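Sequence lines, in order, name chains V and C.
Final position of the first sequence in this note's numbering is 405; the numbers increase by one with none missing.
Final position of the second sequence in this note's numbering is 405; the numbers increase by one with none missing.
Rather than coming from a laboratory, the hints here were simulated on the basis of the structure.
These figures come from a predicted structure and were not determined experimentally.
Treat the hints with care, as some may be off.
Copies of the same chain look alike in the list, so a pair counts if it fits in one copy or across any two.
Computed list of lysine to any residue pairs in SDA-like fashion (alpha-carbon distance at most 25 Å, straight line) [to be verified]:
#: 1; residue 1: K179; residue 2: V211
#: 2; residue 1: K192; residue 2: S174
#: 3; residue 1: K151; residue 2: Q270
#: 4; residue 1: K192; residue 2: G165
#: 5; residue 1: K192; residue 2: D167
#: 6; residue 1: K192; residue 2: N313
#: 7; residue 1: K192; residue 2: L385
#: 8; residue 1: K179; residue 2: T386
#: 9; residue 1: K151; residue 2: C171
#: 10; residue 1: K151; residue 2: G165
#: 11; residue 1: K179; residue 2: L207
#: 12; residue 1: K192; residue 2: T386
#: 13; residue 1: K179; residue 2: R250
#: 14; residue 1: K179; residue 2: Q366
#: 15; residue 1: K179; residue 2: P280
Spelled out from the first residue to the last, the chains are:
Protein chains: 2
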Amino acid sequence: MTLRLKFLGSGTSVGVPMIGCDCAVCTSSDPRNKRFRPCVLVETPDKRVVVDTPPDFRSQCLANNVRDADAVFITHTHADHVLGLDDVRRFCVRRGGPLPLYAAREHLEMLSRIFPHAFDPALRQSGWPQLDGVPIEHSQPFQLGSTRVTPLQLPHGRSSVTAFLFENNTTSLAYVTDCKPVPQPVIERLRGVSVLVLDALRHQPHLAHLTVNEALGVVEQVRPGRAYFTHISHELDHALTESRLPAGVRLAYDGLVVEV
Amino acid sequence: MTLRLKFLGSGTSVGVPMIGCDCAVCTSSDPRNKRFRPCVLVETPDKRVVVDTPPDFRSQCLANNVRDADAVFITHTHADHVLGLDDVRRFCVRRGGPLPLYAAREHLEMLSRIFPHAFDPALRQSGWPQLDGVPIEHSQPFQLGSTRVTPLQLPHGRSSVTAFLFENNTTSLAYVTDCKPVPQPVIERLRGVSVLVLDALRHQPHLAHLTVNEALGVVEQVRPGRAYFTHISHELDHALTESRLPAGVRLAYDGLVVEV
Numbered sequence: 146m147t148l149r150l151k152f153l154g155s156g157t158s159v160g161v162p163m164i165g166c167d168c169a170v171c172t173s174s175d176p177r178n179k180r181f182r183p184c185v186l187v188e189t190p191d192k193r194v195v196v197d198t199p200p201d202f203r204s205q206c207l208a209n210n211v212r213d214a215d216a217v218f219i220t221h222t223h224a225d226h227v228l229g230l231d232d233v234r235r236f237c238v239r240r241g242g243p244l245p246l247y248a249a250r251e252h253l254e255m256l257s258r259i260f261p262h263a264f265d266p267a268l269r270q271s272g273w274p275q276l277d278g279v280p281i282e283h284s285q286p287f288q289l290g291s292t293r294v295t296p297l298q299l300p301h302g303r304s305s306v307t308a309f310l311f312e313n314n315t316t317s318l319a320y321v322t323d324c325k326p327v328p329q330p331v332i333e334r335l336r337g338v339s340v341l342v343l344d345a346l347r348h349q350p351h352l353a354h355l356t357v358n359e360a361l362g363v364v365e366q367v368r369p370g371r372a373y374f375t376h377i378s379h380e381l382d383h384a385l386t387e388s389r390l391p392a393g394v395r396l397a398y399d400g401l402v403v404e405v
Numbered sequence: 146m147t148l149r150l151k152f153l154g155s156g157t158s159v160g161v162p163m164i165g166c167d168c169a170v171c172t173s174s175d176p177r178n179k180r181f182r183p184c185v186l187v188e189t190p191d192k193r194v195v196v197d198t199p200p201d202f203r204s205q206c207l208a209n210n211v212r213d214a215d216a217v218f219i220t221h222t223h224a225d226h227v228l229g230l231d232d233v234r235r236f237c238v239r240r241g242g243p244l245p246l247y248a249a250r251e252h253l254e255m256l257s258r259i260f261p262h263a264f265d266p267a268l269r270q271s272g273w274p275q276l277d278g279v280p281i282e283h284s285q286p287f288q289l290g291s292t293r294v295t296p297l298q299l300p301h302g303r304s305s306v307t308a309f310l311f312e313n314n315t316t317s318l319a320y321v322t323d324c325k326p327v328p329q330p331v332i333e334r335l336r337g338v339s340v341l342v343l344d345a346l347r348h349q350p351h352l353a354h355l356t357v358n359e360a361l362g363v364v365e366q367v368r369p370g371r372a373y374f375t376h377i378s379h380e381l382d383h384a385l386t387e388s389r390l391p392a393g394v395r396l397a398y399d400g401l402v403v404e405v
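Bound conformation, chain V alone:
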């Protein structure tokens, strides 16, 4: 094991349960049907990274005793993926300085508009979030300690999203959320990845997200060692959905740890 991923959130934009919904999943007592918005902690042999910071980020850190990270990666700037970013201020207090945030240029620009107090050194104050934006180039690998990370661009409705492929000599892990479709060059780049985490919103078609069947189609083409579906809506009961998935494909849940 050289890579470890923990799901801090596996739900769609409104989470599960949804506010004001009395459906069987939203009122379920199965803790795997309680889903914060999408966020994962990735631990490499020498670094810890959080991917995305949903509005639930503080609650997610408390629930999982996450106290610090070496970097933040951002997939895209939709509200459900970034509006908890201010809460990395606690990481900055702990490390005594700014935290690197890796994102595509368009996403860095948007984040700088929402969180000027975090990105502009002239505005920074002790106790506030402090972020050093690191622009990434899609399909251009960079090193995160001993691990090679390749950011990949995918379409997501009217915008685009960054997937992250973590690789070292023995293993690999790809985190691919909020996308539709998965372009053929991305499928080829991911082929044979040890673990694939993939968007699978629900059964009903959606303009900007994969359905479970569409995600299964991607899995068939990528042929990962294992796959985990995430960004899950209240249409999917955990136990029922998992019981119908093929071998090697699981549904993520908050708190799930995957060792790669």
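Add chain C to chain V, keeping to what the hints say.
Using the frame of chain V, we list chain C on its own:
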């Protein structure tokens, strides 16, 4: 009773417990020491209003079974007060249309930049948040159904904050968070209010927030029927702090209901 206030959150910007803090309050088992970021639900005889939408807003609605509101009031646009605004999308689904959001012009402009998809009718989509911005003028009362609301401007560090005074023929309630100092004209306008909810961060002085002693000084001048302190940091243990407060002054906690 003609006004009812419920605290959905009574904590400071980082909440209590804070990420990565092992102090006695952050590790306390007293549920009154678990504080989401500041948010209240105000119910008048004919309207329900949420004041501020912290990042915790979805969790706060779920914890308190809040499914809808007639309006959102915003005190100011710091992250801990507004970054859960996207989650009012569930209220919009329920009501089948946009929700009015009352805020000062400067705050409306900032919110429109952070949430363009909610404010710009050309970008709106079914299932997304839909907000009709209603600009308020400080010190100019407006009607919310049968209740008169007067927004009042107070200084808050380098920015300013809006307090809301709810009044009808028999009673009154003021929600005054994130401020320092409380200007004399505001003290005079609030004098004798039935219930005063007031910023009281901690004991140690802060540039932009009242300490407990400073808040007690304001209470002495305003002479409300009762006062509740909010926006509380981890420095204040609930039971210990309350035991030292004078008669008629209490410390708020998440879930507390005040009938006015």
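Exercise for the section: Just pull the numbers of the violated hints for me, sorted ascending. Expected result: 2, 3, 7, 12, 13, 14, 15
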